[in-house]
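Novice: Chain residues, written in single-letter form:
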Amino acid sequence: MIRCENITKTYVNGDVETPVLKGISFEIKSGEFVAIMGPSGSGKSTLMHILGALDTVTSGTYVLDGRDVSKLSDDELADVRRDKIGFVFQSFNLLSRATVLRNVMLPLIYAEVPKAKRIIQAHHALNAAGLDSDRWTHLSNQLSGGQMQRVAIARALVNSPSIIFADEPTGNLDSKTGEIVLGTFQELNRKHNHTIILITHEPYVAEHADRIIHIVDGAILEDKKNIHKRVAHTHNAIT
Amino acid sequence: MKISDLIEETYFSLTVNKVRTGLTMLGIVIGIGSVIGMVSIGQGAQGSIESRIQSIGSNLIIVSPGTQRGAGVQVSSGRGSAQTLTQEDADAITKNVTLVKAIAPEVSRRYQITAKGTNTNTQVIGTVSRYPDVRNIEIDTGSFITDQQVSSLARVVVLGPTTRDDLFGVGAEAIGQSVRINKVDFKVIGITKSKGGSGFGNQDDMAFVPLSTAQRFLAGDIYVTSISIAAQDQTSMGDVQQQVTDLLLQRHKISDPQLADFSVLNQADIVATASSVTGIFTILLGAIGGISLLVGGIGIMNMMLTTVTERTREIGLRKAIGAKKIDITIQFITESVALTFLGGIVGVLFGWFLAFLTTQLAGIPTSISSGSVMLAFGVSAGIGIIFGYYPARRAASLNPIEALRYE
Chain A
43 MIRCENITKT YVNGDVETPV LKGISFEIKS GEFVAIMGPS GSGKSTLMHI
93 LGALDTVTSG TYVLDGRDVS KLSDDELADV RRDKIGFVFQ SFNLLSRATV
143 LRNVMLPLIY AEVPKAKRII QAHHALNAAG LDSDRWTHLS NQLSGGQMQR
193 VAIARALVNS PSIIFADEPT GNLDSKTGEI VLGTFQELNR KHNHTIILIT
243 HEPYVAEHAD RIIHIVDGAI LEDKKNIHKR VAHTHNAIT
Chain B
-12 MKISDLIEET YFSLTVNKVR TGLTMLGIVI GIGSVIGMVS IGQGAQGSIE
38 SRIQSIGSNL IIVSPGTQRG AGVQVSSGRG SAQTLTQEDA DAITKNVTLV
88 KAIAPEVSRR YQITAKGTNT NTQVIGTVSR YPDVRNIEID TGSFITDQQV
138 SSLARVVVLG PTTRDDLFGV GAEAIGQSVR INKVDFKVIG ITKSKGGSGF
188 GNQDDMAFVP LSTAQRFLAG DIYVTSISIA AQDQTSMGDV QQQVTDLLLQ
238 RHKISDPQLA DFSVLNQADI VATASSVTGI FTILLGAIGG ISLLVGGIGI
288 MNMMLTTVTE RTREIGLRKA IGAKKIDITI QFITESVALT FLGGIVGVLF
338 GWFLAFLTTQ LAGIPTSISS GSVMLAFGVS AGIGIIFGYY PARRAASLNP
388 IEALRYE
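If you read the protein sequences in the order shown, they are chains A and B. When the letters of the first sequence are read in order and numbered with this note's numbering, they come out as residues 43 to 281. When the letters of the second sequence are read in order and numbered with this note's numbering, they come out as residues -12 to 394.
Excised from the complex, chain A in its bound form (with noise of 0.2 Å):
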């Protein structure tokens, strides 16, 4: 599903030139839960965008589902991300005003989904991400920092993507809150079959994905299947 072939990226700023990941190489197949960890400026923010599709490489192959995507253009990119990945943020990225619903059909408007399909892909997502209908209907900037997140989860599940990247989305919120919205993906994970990649500094975080992807200073440290694997406690009671 994802391989990576000696993937370097390197940002250039006048006659600096600073590399950031210096060859990294790594598989990841259906339905793995995985973990980047590393300290900040390990470069595994970069490994993210260019797993995402917001960045492109300096030099490696990135194949995404058969498709090398390492050296496309941004609207292609662009059409990478709309159909095949969902991405989790640590600061939500909420539409503010807007309510859960819009919130989450947006990705529809740009895979251009009809509107009769949207409500219903809508709700198969809310349901996933674990928030309860009656919120459905408030404005994103009413609801609680657990809930905003499980909005952004289910934003990220709208479209069924082959890939969610979750990026520190355990940053904003507190262990309790966080423990919470880390059983979700595990449920979206071990439930629903999908494929998710955990980008965090936090061992504790990292430890509740099935394999760890230790990089420091922009290399593999450590690729290690998780044995000794944290469970969430998983209910709704997200306040």
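Please note that a few of the clues may not be correct.
Derived EDC-like pairs (lysine to aspartate or glutamate); straight-line CA-CA distance at most 20 Å [as the list claims (entries may be wrong)]: (1) A:Lys266 - A:Glu74; (2) B:Lys312 - A:Glu118; (3) B:Lys312 - A:Glu154; (4) B:Lys312 - A:Asp116; (5) B:Lys(-11) - A:Asp125; (6) A:Lys157 - B:Asp(-8); (7) B:Lys312 - A:Asp125; (8) A:Lys159 - B:Glu(-5); (9) B:Lys(-11) - A:Asp117; (10) B:Lys182 - B:Asp(-8); (11) B:Lys(-11) - A:Glu74; (12) B:Lys312 - A:Asp121; (13) B:Lys(-11) - A:Glu118; (14) A:Lys159 - B:Glu(-4).
No lab work stands behind these hints: they were computed from the structure.
Following the hints, position chain B against chain A.
Specialist: Same frame as chain A, now just chain B:
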């Protein structure tokens, strides 16, 4: 991105901050409104001046004493004061000039007219039976002066409706009554139809008497103050003007046309001169409106730029979930066009209201042409595209990664 989604997104974005949307739109409303209002005043003035000129006759050429100057810029103090035109000149024109429909020499001067205890001061015109054909005058009741009355020095008078109202009361029966002009009694034989118009050059406030009578009893000489000639049609006017000029130069034994002791004025020249003046007037007024429209457009750009900065994260998110550059560009341009277009609609109504107020309160005629309304819509949509383009490009070219991180 579908059109229906685009409209929905635009509606959503514009209604999020209604006050700002309204204030931004106000700039366009005032701009379009003042263009429509100002141009309508200009066009109204143009229309009313042209119809005023047309109402004095059609295809009219006026020969008056004085010096020939440039068309339409004759100094009026000279007119009528010189005594160089005679009845014979008029007869010669009738005999020799072709393409003429009718010709009417006239003697005109203001006199005090009295009737049974009332009196008024008005223009008394001594003329011949063809005068109504030349000057587009219609008779309401009674009859106009006949050739018979001209040759017999009859003391009869035809009154304009305003003069009749002043002397005998509004709408009173005046036929058969007698009035006194310059101590001579005249019998009223007809009343002309109202032509409308008021104030300066009121064509309803006049009295007509036979030419010979005016020359004998009122002026006391044989000169005429002007000769009005109606050409057969518009195309022959230049030809007639030339023939009349040549004939009179020859009759007055003047070899150099620069020294002519008369002037021949073509109505088309008067209309053209007046139109060019009112045209400049309209452009000037339109330009004043245009400046406020430009300011409104800059206001739109300013607001759109602020919006782009404010919504940087939203733009980043939209890109992250699959929006292409073109989607973002179109969305922002649509927002600005929606602002200007709605502003344009309200502006047209506002301009129409301005024109209406001007007509009602100041009595200045106004006319809103469909052309200026269409132009206003076109311009407002164009302003939306022009002033929305730069902010939209700026939004579309944002890097999604940086946009998402923007604080």
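Novice: Taking the hints in turn, state whether each one holds.
Specialist: Checked hints:
no. : hint                  : in the structure
1   : A:Lys266 - A:Glu74    : holds, 13 Å
2   : B:Lys312 - A:Glu118   : holds, 11 Å
3   : B:Lys312 - A:Glu154   : holds, 16 Å
4   : B:Lys312 - A:Asp116   : holds, 8 Å
5   : B:Lys(-11) - A:Asp125 : holds, 17 Å
6   : A:Lys157 - B:Asp(-8)  : holds, 9 Å
7   : B:Lys312 - A:Asp125   : holds, 16 Å
8   : A:Lys159 - B:Glu(-5)  : holds, 17 Å
9   : B:Lys(-11) - A:Asp117 : holds, 17 Å
10  : B:Lys182 - B:Asp(-8)  : violated, 59 Å
11  : B:Lys(-11) - A:Glu74  : violated, 35 Å
12  : B:Lys312 - A:Asp121   : holds, 11 Å
13  : B:Lys(-11) - A:Glu118 : holds, 19 Å
14  : A:Lys159 - B:Glu(-4)  : holds, 18 Å
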